[in-house]
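> Here is what each chain is made of, one letter per residue.
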Amino acid sequence: MSDAAVAHEAQEEHPTSTGLNHRKILMWAFLGSECIFFGSLITTYLVYRGKSVVGPYPSEILNIPLTSISTFVLLMSSLAMVLALAGFERAASAGANEDRKRRELQKGRFWLLMTAVLGTGFLGFQAYEFIEFVHHGLGLTTNLFGTTFFVLTGFHGTHVGVGVLWLVSILVLSYFGKVKPLDVELGGLYWHFVDIVWIIIFTLIYLIPH
Amino acid sequence: MATVADVRTQERVSTGAAIWSWVTTIDHKRIGVLYFVTSLIYFIVAGFEALLIRLQLATPEGQLLDSDTYNQLFTMHGTAMVFMVAMPMAAAFFNFLIPLMIGARDVAFPRLNAFSYWTFLGGSLLMHSSFLFGQAPDGGWFGYANLTSKEYSPGLSIDFWGLGLLVLGVASVAAALNFIITIINLRAPGMTLMRMPVFVWMTFVTSFLIIFAFPAITAALIFLEFDRLFGTNFYEVAEGGDPMLWQHLFWVFGHPEVYILVLPGFGIASEILPTFSRKPIFGYSAMVFAAVSIGFLGFSVWAHHMFTTGMGTIADAAFAGSTMLIAIPTGIKMFNWVATCFGGRISFTTPMLFALGFLTTFLIGGLTGPMLAAVPLDLHFQDSYFVVGHFHYVLFGGLILALMGGVYYWFPKITGRMMDERIGKWHFWIMFAGMNLTFFPMHFVGLDGMPRRVGTYAAGMGWDFWNMFITVSAFLIGVSILVFLWNLVASYVKGVPAGNDPWDARTLEWAIPSPPPEHNFDEIPHITHRDQVWFDKYGDGHGDAAQLRKTSAAVAEPAEDSDEEHEVHMPDPSYWPLLVSAGLTIAAAGLMIHIAVSVFGVAWTIISVYAWSLEPASTPPEEH
Amino acid sequence: MQPTKRAPGWWHSRPVILAVLGALAVAVLAGCGAVDTPQTTLFPRSDNNQVINDLYAPLTWLAIVIFVLVQGLLLYSVFRFRARRGDDSIPPQIHGNTRLEIAWTLAPSIVVVIMLLLTYQAMAKIEADPPPDALHVRVVGHQWWWEVHYPDLDVVTANEIHIPIDRPVYFELESDDVIHSFWVPRLMGKRDLMPGSTNTIWFTPQEEGLFAGHCAEYCGTAHAQMRFHVVVESEIAFDNWVEKQRQPAEEMTGDAALGAELFVSRACVTCHTIRGTDAIGTIGPDITHVGSRVYIAGGILENSPENVTLWLSDPQGVKPGNEMILPLPLSSEDIRLLTEYVRALK
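So the sequences go chain by chain: A, B and C.
The working numbering runs 255 ahead of the 1-based position in the first sequence.
The working numbering runs 406 ahead of the 1-based position in the second sequence.
The working numbering runs 75 ahead of the 1-based position in the third sequence.
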């Protein structure tokens, strides 16, 4: 590594008042803000529960077994995310051991890919669910249930989609040697957040009986 | 004269290059100036709308404006004053001052900062472009559902409003995140949280309020636009939707928004009063904790805007209680400001006059606040001119006067020139008289039963005299703005050179040249005290200033270091933030034109985001 | 202080301060009834508004006293401690005083508790349940007029609400379109009309008279002209009024009869109901007895032949945006006959 690159690196890791990286605090603060956003969407869904004047109603249409599988898929993606980060971190701390470094990096990349694949799988389940609902006569504008359900889960799905795009970008960049563990960690923070939001949505929409 | 705050442009630069340097700038000081100039333009536009409104109301059965135009004017006046004047003008001060006050070279994310400005510009232009199509928003700044539904507001007016606000929300949240990280992470060594200037604290609290309040209105606006564009049922009464949903979400945002607007005013006053009293702020910790508790309480009072909707006695009583609680921290601040002056050496400079004017008018607005929180009284005051009088006292008196004081106070730092004191005092007195004569009588017509948002009223209601009086007084405010603009331009061109510390002030920004160099501090200062600059000048003691200055100067003189060792690498300019903002604005506007335009805008945004993330923040330094 | 050649800035301000004080004095006088204000919230004429007015006084005085104290303290501080010319000294750098700060945390707390207690006391009175014998009135808001039903009396009218003195009246408030707000300042604080749900409010009027009301929630183009009136009258007068309102429209004679024919043959019938005739439209107000009302056009024009003519010839000019859009302009003769008819609908 050239001196310039080292200097560049050092500048980026400039000491901060708290010792924490800027981008990490940014991500936490941003997720705090996102909490209120999803809180508003979820509250709206709950306020409008049982207020639809026409069907189909949730009890007639929600497929709990199927969504349990997709929830499991998303949960597993969080596990994969943890393993991916571990790989990148071990690779970074491998020091001069080039062989171990390459091995850990390969692991990290594999699990990163798995995370994105599982996330895409979740989106596939969601697309299937949406299409099924439309076949059963529940559209975005059919009733309050359709409106609040599609907007809430749709915005969550969009977040998953952005996450997949992000993880894939990290994966690609890692082949150019431009990815540091922090980059993976930030993507991971976001990914886990989106995952937790889904657990809340799954519990409130699917599991609590109407 | 070179551009403001620009010390690098010693060599001759072409106009094109100068403009390009502003377009791609990521210097917090320049972005602050951009924010200020833009919000000043909107201030003039929205003020002009207010004068048209007043002309229409000067006499009963006014004929100047038809009712649709009137409704558009009060909607845009309110929306612009809140989102395009008050917030960005406060952001101008945040931008310019926060890094200087905490001893940093820039904000934590300089390019994100540029993105915030350009997104603010995009959103505000998007909303104002509605005038070109004769479709200006007319649903009120509060945009209550279900009047804003497609059924009752056909056309695009509400879409301009909703989509514009969504874009503005992105700008506000991005800026707030940036300031939070900057204040957490970029404080100079020794600058503990409790050594930060009060203004920095107010920015900190304000920024938290922004990131937690804006998502609520974002959700509400998304519901609104989904209803209007895709036919969903959020506010559709026939489908079981409830217009109260909008009111709750809007005010969950809307009341913290009041503190988002007024806390920067608190911060500015808390800097001006100590400087011109030559005393530190009284009860620093109490000031900080009062602001933090106002921030927290601010989220628990929203439904006091909804007492007339029939929420029930329990809810009414609870929200009346939580609202009145805010009077306690506010009272603490008020007394601490007064105590700051007490025992000082008060000099009546223009910034000080504005700060004192702020205390007076905010006191009045603060005292009518608990009256409005008393539910039975609010049943009369709600949507009457009384409440118009109240919040203009809080926002004009609490924020605009403070901002004006801030302009006079920091103009020397920003431009290196003093503003004219004589014209400044004229400005203050005309504005102070104008605003009191305009907004105080509004309480009377409100008590006499005049509802707000009416473009015409019958003769014989007993409102004629006061309305004419208010209109005439409103023009007095207009005159004061002209005086201000004149002073601004004249002082910029030929003001007296200011020097580093014209006010003998207390905080870090006064230790560096005016205007500050691009990298702010040659050497990051080391902080040992609150009001570090004052301490460096006079120590902790009191007595004869000249004497103290002499003795402490020898101690405080920093050791001269060779320049080479402390060469500062500033991040490079970038146009990607501007392009991301443009993409977002196009995506939003596309929803009103054709979905393909939106897709194009989203694609543009994504590509620009990638380019932005891959662009190195600064060119690696040359090897030695 | 001796006036000097170059007086300090704040000295210039004395005329300004005097002007402000003068204006306040005038304002207070005006507020005390020197001007005739039919829609004032002061001078209550019902129990509901009496309660509110009883709360005005202590809270306003409290606010004034606090203002005088704090502002006095501020003015004293800045003038007493103003910097003398050439005085470059530095005052004691006092950072705070715990005892003082506790004191002025407690002071506003006490004030807040007092204000809250007063508020809750008043709330208990005005938010109590209505007495069972209350007169029942149902009001439905429309853009931009008021539909009025007396469910127990079988009366339907619009924009003018008759109620008897000294009897509690209980309002059910609904909306047909957007949010409106029902407000008769001298009789009651406002209450919103929410689409999709029913709000209620009640009060007991204590003086006969004609009271002005206004929609107090922005509801679109003609919000400023969405007015109405409440007529408080004696029990006997009210009973007579009810009796008359329950009748269908009288048989017309002369020009009024011609007007009646015109009414059912033209677009009028599509929107208006006149009981006893073929007109059964429900888009606009029921105008069976419109001739007996004090105001027309949703409370904005006094009921005179000239105003009826004005309204019929140019409803969009009088109240822009309202739904009375005449497909064909009426001839002046038509308008004359219709005016006769409308005026005769007593």
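Bear in mind the hints are in silico, worked out from the structure with no lab data behind them.
Please read all numbers here as calculations on a predicted model, not as lab measurements.
Note that the Cβ used here is the ideal one computed from N, Cα and C, for glycine as well.
Careful: at least some of the hints might be erroneous.
[What the hints assert, rightly or not] Distance windows between CB atoms, simulated:
1) W428/B <-> A341/A: 41 to 49 Å
2) T357/C <-> V1015/B: 36 to 44 Å
3) G561/B <-> E282/C: 40 to 48 Å
> At the C-beta level, are G561/B and E282/C separated by a distance inside 40 to 48 Å?
Cβ of G561/B to Cβ of E282/C: about 46 Å, so the range 40 to 48 Å holds.
> Are T357/C and V1015/B spaced within 36 to 44 Å by their CB atoms?
55 Å, violated
> Is it true that the C-beta distance of W428/B to A341/A lies inside 41 to 49 Å, as the hint says?
46 Å, holds
Hint compliance for this structure: hint 2 is the single one not met.
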